[in-house]
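K.L.:
Below, each chain spelled out in residue letters.
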Amino acid sequence: MTTRMFGEPIARREDPRLVAGDGRFLDDLGAGALAAAFVRSPHAHARVVDVDAAAALDVDGLVAVYTYEDLDGRVAEPLPLLIPHPSLHAPRTAYPLANGVVRHVGEPVAMVVASDRYVAEDACDRIRVAYAPLPPVVGIDAAVRAEHAVHDDVPDNVAAHMVQEVGDARAAIAAAPQRLELHLQIERSASMPLEGKGVYARWDAADRSLRVYTSTQTSTSVRMALAAKLGVPVDRVEVVAPDVGGGFGVKIVHPWPEEVLVPWAAIRLGREVKWVEDRREHFVSSAHERGQRHTVRVGFDDDGRLLGLDVEFLHDNGAYTPYGIIVPIITSTQLLGPYKPGAYRVEFRSLYTNTVIVTPYRGAGRPQGVFAMERTMDAIAERLGRDRAEVREVNFIRPEEMPYDHGLIFQDGRPLVYDSGDYPASLAKLKKLVGWDELAAERAQARTEGRRVGIGLACYVEGTGVGPYEGAHVRVETNGKVVVATGLTTQGQGHETVFAQVAASELGVPVEDVAVVTGDTRRFKYAVGTFASRAAVMSGNAVALAARKVRAKALRIAGEALEVDPADLEVVDGIVRVRGVPDAEIPLATVAVLANPLRYAFDEEAKRATQFAVGGGTDVPPVRDGDEPGLEAAGWYSPIRSTFANGVHAAVVETDPETAEVKILRYCVVHDCGRLINPRIVEGQIHGGVAQGVGGALYERLVYDEHGQLLNASFMDFLMPYASEVPTVETDHLETPSPLNPLGIKGAGEAGVIPGAAVFAAAISDAEGLWIDRMPISPSELWELRRQTTPKGDG
Amino acid sequence: MRVSGNATLHAPVEKVYAALNDPAVLVRTIPGCERLERVGEDAYKLTVTAGVASVRGTYAGDVRIADQRPPNAFVLKASGAGAPGTVSADVSVQLAAGDDGTTELAYDADAVVGGMIGGVGQRMLVGVATRTADQFFAAVDDVLTGAAPAPEAVPAGAAAAGQPAVFTAPPRAPGLPGGQLAAGVVLGAAAALLGVLVGGWVTRRAARAAARRP
Amino acid sequence: MKPPPFRYHRPSTVEEALAVLAEAGHDGKVLAGGQSLVPLLNMRLAAPGQLVDVNRLAELAYVRTGTEAVQVGALARHAEVEHDADAHRAVPLLRQALEDLAHPTIRNRGTVVGSLVHADPSGEMPAVLTLLGGVMELASVKGRRTVPAAEFFVGPLESALRPGELATAAVFPRPPARSGSAWREVARRRGDYALCGVGVLVTLDQDRRVQAARAACISVGPTPVLVDLAEAVGGRPHDAADWVAAGALVAAAVDPEDDIHATAAYRRHLAGVLTARAGHAAALQAAGSADRRGPGNPRGVPR
Amino acid sequence: MNHDHVSEALHETRLVVNGVQHTVRVPARRLLADCLRHDLGLTGTHLGCEHGVCGACTVLVDGLPMRSCLLFAVTVDGAEITTTEGCRSADGGLGPVQRAFMECHGLQCGFCTPGFVTTVTAFIRDHPDPTEAEAREAIGGNLCRCTGYQNIVASVLRAAELVRAPEGETGP
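Residue numbers (numbering that gives the first Met the number 0), protein chains in the order written: chain L, 0 to 794; chain F, 0 to 213; chain Y, 0 to 302; chain E, 0 to 171.
Among the hints, erroneous ones may be present.
Unchecked claim - To be clear about the criterion: a stretch of chain Y counts as covered by chain E if any three or more of its residues have a C-beta under 8 Å from a C-beta of chain E, and this derived list gives those stretches:
1) 3-9
2) 37-44
3) 50-62
4) 102-114
Unchecked claim - Here are a few chain F residues that sit away from chain L, every Cβ distance over 10 Å (derived from the structure):
5) 33
6) 40
7) 46
8) 63
9) 66
10) 67
11) 71
12) 97
13) 103
In case anyone wonders, no lab produced these hints; they're calculated from the structure. In this text, a Cβ means the ideal position worked out from N, Cα and C, and glycines have one as well.
Produce the entire structure from the sequences given, and follow the hints as far as they go.
P.N.:
Shown next as structure tokens:
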């Protein structure tokens with residue numbers, strides 16, 4: 000089999016249309032559609048007393064105004080709980096429109112449909128809502144104090160409480176020669192894709208069918224949700240994810256209130272309706288993540304070897320829990336990284352607050368866990384006066400210990416078992432790349448020049464490719480072109496390219512001949528979605544398995560046509576040929592024709608095909624038992640459990656002795672995601688992840704005041720890094736193939752962002768000689784920290 | 000967010016306190032106040048047009064006087080709503096006799112700013128509110144010292160507290176109109192804050208939030 | 000986020016514009032570059048009934064560098080002033096500060112006069128006009144008037160411009176001979192509003208001693224904060240002046256507030272640090288200009 | 000805020016977009032970005048924030064990069080506008096900047112890309128041989144959430160190469 004395409008850094012198939020402005024993003028569709036806009040709560044917690052739309056009714060162009068009272072059927076019920084969990088004892092989800100009470104600023108109260116968005120907003124301005132404010136619960140402290148409740152029937156504000164323990168951690172810590180207790184906190188951030196959410200719905204009254212375009216990470220699940228919510232037979236619902244302008248997690252949540260309401264209104268009105276989320280709406284009514292507070296107690300020996308680890312943390316899940324408790328579960332398990340913790344106990348509480356809901360943002364609980372674990376490693380090294388890399392080294396799971404069973408349950412409900420990885424090798428590569436052993440001298444030299452330079456490093460392990468399954472369909476057309484379809488969506492990860500590379504490699508056709516369709520339920524109906532770094536692992540392997548079926552069938556048919564043993568055949572550049580026999584060959588296109596007994600001579604290939612005699616003879620049916628017409632097949636990949644990628648990052652920073660500004664001098668990444676389908680795309684994923692890591696460590700934070708008002712709901716004050724803030728990333732790869740899947744690959748999507756907070760906290764601590772226990776950190780905070788530690792103020 | 004300030008008023012405490020219920024004074028002294036309606040004992044609805052430069056908006060507000068401890072303290076509960084958002088402020092006001100029959104007034108406001116205005120940053124709010132309140136007190140003290148004209152007579156029928164009555168502001172000379180000082184000062188201070196929050200501040204804050212320079 | 004409706008006027012002469020503004024009164028708002036006004040409209044935080052678009056007033060699209068000053072018309076974009084070679088030679092502080100103002104794309108549209116009228120305490124232009132002791136030229140149907148920077152910036156986003164008035168130009172005086180200037184600021188991201196920014200103007204005497212030194216700071220008070228540094232550095236040799244002491248003067252003079260990006264104490268600290276840095280750089284430039292007999296007012300008239 | 004919608008006046012506005020003359024009748028409040036996208040159907044220009052920070056909506060107005068979310072269509076009446084659709088090569092294929100972004104993997108989701116393409120087109124016109132630092136500064140006003148900018152900086156340098164030596168005899 001040719002593997003020419005697999006592993007090649009080819010240019011992306013999707014780029015020509017995107018760079019030329021020919022992309023089709025949600026708002027590029029439905030030019031004539033009515034526009035929806037929403038009246039959203041200005042209060043964090045209030046009773047909705049009255050909604051008065053009278054003043055809006057004379058707005059020219061207004062079509063409809065809806066409040067909760069107008070909703071019917073299952074649309075009037077709370078939105079679904081997507082991922083129940085036994086530990087989530089008090090799940091609560093919102094109504095599509097507020098039903099009497101609003102629980103966060105931005106919660107939708109009324110929906111307006113009008114001729115265009117300008118007019119819709121005019122109408123929203125004129126709708127007067129009377130609220131009776133209720134005491135808001137904002138922040139982890141207030142949630143724990145529980146003087147007030149977000150939900151009346153959850154008086155302690157605790158949505159979930161979970162404990163996992165392997166061995167007796169507390170006893171092990173008590174008996175350990177060395178002990179530490181650390182308090183570590185990460186603040187709120189958000190996925191913040193540059194394209195917000197959006198929904199465009201078309202109802203065909205005659206056909207009783209609904210087509211919905213939505214900027215989502217899972218079109219197949221939105222389809223199922225809409226069929227159920229709207230009472231439309233599922234085979235009458237089509238959901239298409241067009242080009243999606245970034246997701247990073249927030250678009251995996253479904254159905255969003257607007258995803259239900261826009262199609263609902265389109266059916267009621269018999270008109271096309273479109274809603275395009277603006278930036279303000281995205282800040283206050285989509286989802287946030289990261290806010291967690293951790294207490295780590297650790298016992299270790301004089302070499303820094305962990306003997307017991309006891310982690311308790313509090314997770315702020317916002318006002319509702321539609322996506323369950325995936326984030327804290329991931330923190331509680333992935334926190335362990337590449338290390339053997341000795342005895343391990345982890346306990347978390349997930350808390351309701353009157354703030355925007357919390358659902359996975361790229362990294363999904365791992366940045367918090369890695370921050371807790373890696374700060375702990377740094378603290379151990381400091382306590383023992385040992386090299387930080389060395390302390391990590393002694394705690395590594397060794398390659399020969401793979402597969403390694405932690406004895407815990409992972410996010411997919413299956414045992415946390417690492418399948419592969421060579422952590423010492425990863426660290427060694429990183430130390431070489433960044434020049435770890437020389438940096439101490441360089442740092443000292445800088446000191447003598449009055450400069451503050453520091454280096455930090457952080458390791459992580461990332462479970463990728465969670466199940467339950469993905470599928471793909473591969474078809475060879477009679478012109479030799481190959482069409483690949485997967486229900487899995489794409490938001491810029493280059494799936495059209497990498498899946499084409501996989502199919503081309505498996506089939507032996509030029510990649511130019513392969514077209515890929517993603518996220519369109521008209522083309523493929525069963526899929527889970529793009530999240531948890533699972534697309535390449537899940538759909539990549541599904542595409543490979545489907546292509547292998549097609550190839551086997553092609554060889555069988557070609558074998559009959561050429562009267563040779565299929566085992567002697569190979570496929571090169573779309574031609575099936577007999578190994579070592581120059582002229583004995585048949586184009587895959589012709590084989591595609593032969594695969595269909597109904598052989599009208601529509602095209603040249605069909606005519607050429609008539610020269611071959613296949614199909615057995617008159618004593619067998621044209622389509623034999625177990626066979627199907629056409630050169631096509633579906634393939635499914637469903638792994639026994641996740642596969643685990645890993646990596647090590649290092650940052651070299653310089654802090655200004657006067658202004659406390661942080662300058663990133665270098666950022667190095669060593670990454671192991673198994674075999675690379677397209678190294679260029681993997682690098683791109685790492686660069687983008689690192690940029691979000693920089694943002695999360697030094698710039699991005701969502702600030703609520705005590706009243707539950709989000710104070711920085713704009714790009715003015717929520718500081719996503721520009722090019723001027725992001726360093727050039729130096730990367731190196733290690734490829735330890737996963738034994739769990741046919742292609743030996745592991746996910747790469749989230750990796751870049753995971754160690755960001757940990758690595759910068761370590762580097763800044765190193766430069767400043769200060770202990771940093773909460774991130775992000777701003778120059779002002781660093782300067783204040785200096786003042787606290789050195790009373791005379793700035794260093 | 001909290002806004003607090005002080006002022007020395009050239010009138011005795013009792014007079015300051017007594018004047019609180021004179022809507023005719025209030026409608027003249029509350030910055031940008033166009034219409035004021037007593038809707039009950041110590042409760043008023045008002046329409047405030049506020050803004051900075053030419054960027055102005057009209058907002059509906061309520062002011063209620065509560066927790067009265069004559070003649071030294073009370074709380075003003077002010078709230079307002081306009082398209083840009085909502086504001087509510089509890090302004091606790093303390094009055095104490097100063098030298099030579101003056102009154103030392105201190106106010107401390109805790110305000111909640113919601114809606115769009117709540118989300119686009121609050122860096123300037125305190126500064127703007129404080130500045131406006133200061134201007135207000137300064138102007139009112141001009142009135143106290145006779146630098147500004149005295150108020151017109153209270154419309155008949157309005158004097159009976161608790162009776163619904165509507166008051167509209169007469170055309171005003173530039174600068175702050177007069178009024179029975181204490182009333183203007185106290186309720187005016189709250190309304191100034193309200194006006195700033197729902198009006199002037201909104202536009203200021205918006206301009207601050209506006210991504211970039213003009 | 001779409002703007003509310005408004006009545007739109009596009010006068011083609013200043014007279015026409017003044018008439019429309021007089022008509023509109025409080026209801027009217029001037030649209031020049033719109034780089035602050037339009038986001039404000041998009042967020043519906045402002046809803047002026049009438050917009051008077053002055054982008055057709057070609058007569059206001061100029062940057063004139065004279066012997067005494069650089070006069071910037073109301074339609075001169077930031078980028079045009081920034082790249083004007085004569086203006087840069089005459090008043091280097093303009094380019095020094097403009098390079099820190101937002102990003103080039105914004106400077107392509109935004110106007111210097113608009114920045115001044117906007118009177119943002121975090122804006123660079125008000126501090127530059129204040130530091131140079133410049134004036135604003137205002138016009139209305141009632142006539143024209145000029146207002147010195149010291150009186151023009153009234154409060155946060157509040158200028159002395161009256162309803163019905165149009166700011167037609169800003170005048171940035173040339174610094175005296177043997178002068179140097181520098182601008183330093185710290186922002187969270189490049190192009191963001193400064194957490195604190197400081198401009199320093201230094202003038203040396205014949206003996207290269209500091210004859211005059213002033214600092215203007217942004218983001219540390221309701222309006223630009225102007226501080227005379229003479230007490231700390233006056234009469235000192237340009238290369239031996241104690242700019243840290245000058246910084247201490249400024250740190251004591253400013254009145255910053257806490258916000259979500261920085262504490263008041265940190266801003267105060269920055270005011271000191273940046274004054275020291277800018278002062279040092281300005282003194283070097285002044286010494287250089289003393290060598291080259293310029294930039295600056297050829298007649299060296301001290302102001 | 001009482002606005003009479005019935006009488007919202009329409010203004011005839013002439014725009015030369017990517018070399019083609021268009022005349023549209025739009026309300027004064029129609030943002031240039033919406034006019035391009037919805038009135039003219041040029042959906043390559045994207046709106047990422049509508050308050051002038053992200054740069055996705057950047058177009059060239061008489062050759063200069065500007066935020067089309069901060070301009071009213073009426074206010075640029077008569078102007079020459081260039082969008083990413085207009086940054087193609089003469090033969091209709093990808094222009095040098097667009098080619099460079101593809102060659103250097105300078106985009107992922109592609110939503111912010113049109114604003115970069117227009118900004119970079121103007122930049123290399125004025126700076127034919129930029130340094131890496133200049134290239135980074137040039138894109139300093141555009142947000143990208145996907146790429147981390149590293150490959151965008153590379154794309155700027157590559158685009159300059161392609162313009163200097165058309166059809167890229169020089170490799171990336």
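K.L.:
Give a verdict on every hint.
P.N.:
Now for the hints, and whether the structure bears them out:
1. For the segment 3-9 of chain Y, the stated coverage by chain E is satisfied: 6 residues place a CB nearer than 8 Å to a CB of that chain, which reaches the threshold of 3.
2. Residue count for the segment 37-44 of chain Y with a Cβ under 8 Å from a Cβ of chain E: 5. That meets the three needed, and the coverage hint holds.
3. For the segment 50-62 of chain Y, the proposed coverage by chain E is satisfied: 3 residues have a C-beta within less than 8 Å of a C-beta in that chain, meeting the threshold of three.
4. For the segment 102-114 of chain Y, the assignment as covered by chain E holds, since 6 residues bring a beta-carbon within under 8 Å of that chain's beta-carbons and 3 suffice.
5. For residue 33(F), the condition that its CB be more than 10 Å from all CB atoms of chain L holds, with the nearest at approximately 19 Å.
6. Every CB of chain L is more than 10 Å from the CB of residue 40(F) (nearest about 21 Å), matching its label as outside the interface.
7. At roughly 14 Å from the closest C-beta of chain L, the C-beta of residue 46(F) stays outside 10 Å, upholding its exclusion from the interface.
8. With a least CB separation of 15 Å from chain L, residue 63(F) remains clear of the 10 Å interface cut-off, as annotated.
9. At roughly 18 Å, the least C-beta separation between residue 66(F) and chain L is larger than 10 Å, which holds for a residue marked as non-interface.
10. Here residue 67(F) stays apart from chain L, with its beta-carbon at least about 23 Å from theirs, past the 10 Å limit.
11. No beta-carbon of chain L comes within 10 Å of the beta-carbon of residue 71(F); the shortest separation is about 29 Å.
12. No beta-carbon of chain L is positioned within 10 Å of the beta-carbon of residue 97(F); the least distance is around 34 Å.
13. Distance check for residue 103(F) against chain L: the nearest CB is about 30 Å away, which clears 10 Å, and the non-interface claim stands.
Violated hints for the displayed structure: none, as all numbered hints are satisfied.
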